[in-house]
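A.B. asks: Mapped onto the numbering used here, the consecutive letters of the sequence shown carry residue numbers 245 to 384.
If you are wondering where the hints come from, they were derived from the structure by calculation, not from laboratory data. No experiment lies behind these values; they were computed from the predicted model shown. Think of the CB as a built atom: it goes at the ideal place given N, C-alpha and C, for glycine as much as any other residue. Watch out, some of these pointers could steer you wrong.
What the hints assert, rightly or not - Each pair of labels, with its calculated beta carbon distance range:
(1) E369 to R280: 16 to 24 Å
(2) G360 to G295: 24 to 32 Å
(3) E307 to P370: 19 to 27 Å
(4) T367 to A310: 30 to 38 Å
(5) P346 to R250: 16 to 24 Å
(6) P248 to V293: 29 to 37 Å
(7) P370 to V293: 33 to 41 Å
(8) P313 to D364: 18 to 26 Å
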Amino acid sequence: MIVPGRALIAVDTLRIAAAPFVEAGVSTIAVLPAGRRRLVWSVFERGQVPGPPRNTTLGELTEYLASRPPTVVVGELLPDQRAAVAAAGPLLLVGSLGTRRPGVLAEMARDRWRRGDVDDPVTIEPLYLHGKALGGATGN
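Full structure from sequences and hints, please.
C.D. replies: Written out as structure tokens, the structure is:
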């Protein structure tokens with residue numbers, strides 16, 4: 245429920261998962277399940293604005309990973325997806341180190357709140373649920 249007069253701050257789930265590694269200067273790809281065995285992911289590099297999330301198959305993600313230098317992959321993957329990603333060559337974090345962390349969410353939201361950077365509740369939507377709005381491996 246939206247409370248009148250209260251600020252709303254939305255924080256991108258992919259950014260939450262990637263933040264600790266990006267801050268350490270590590271090239272990172274954050275991944276989330278999008279349903280129907282599709283994955284939504286973004287590439288994060290320190291000091292760069294990430295591109296839009298990509299909605300792809302596991303095969304498209306592993307093909308992309310094979311073309312990159314070693315990259316940390318974080319997020320929520322099933323065991324078979326983890327194995328396929330690991331075979332593509334990047335360092336893969338498993339367990340709690342590679343998933344969303346509540347403290348990171350709180351810190352990111354606090355920083356936005358202090359800057360007065362709040363969101364309009366009407367414009368917030370879970371983009372990863374809209375496959376037609378997201379492109380494939382090229383982001384188109």
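A.B. asks: Give a verdict on every hint.
C.D. replies: Hint check:
1. Restraint check, E369 to R280: a C-beta distance of roughly 19 Å satisfies the suggested window 16 to 24 Å.
2. The hinted range of 24 to 32 Å is satisfied by G360 and G295, whose Cβ atoms lie roughly 26 Å apart.
3. Taking 19 to 27 Å as the suggested C-beta distance range, the pair E307 and P370 conforms, at roughly 26 Å.
4. Against the hinted window of 30 to 38 Å, the Cβ-Cβ separation of T367 and A310 comes to about 36 Å, which satisfies the hint.
5. Between P346 and R250, the C-beta spacing of about 20 Å keeps the proposed range 16 to 24 Å intact.
6. At roughly 33 Å, the beta-carbon separation of P248 and V293 lies within the given 29 to 37 Å, and the hint holds.
7. Checked against the hint of 33 to 41 Å, the C-beta distance between P370 and V293 comes to roughly 20 Å, which is inconsistent with it.
8. The hinted range of 18 to 26 Å is not satisfied by P313 and D364, whose Cβ atoms lie roughly 39 Å apart.
The structure shown violates the earlier hints numbered 7 and 8.
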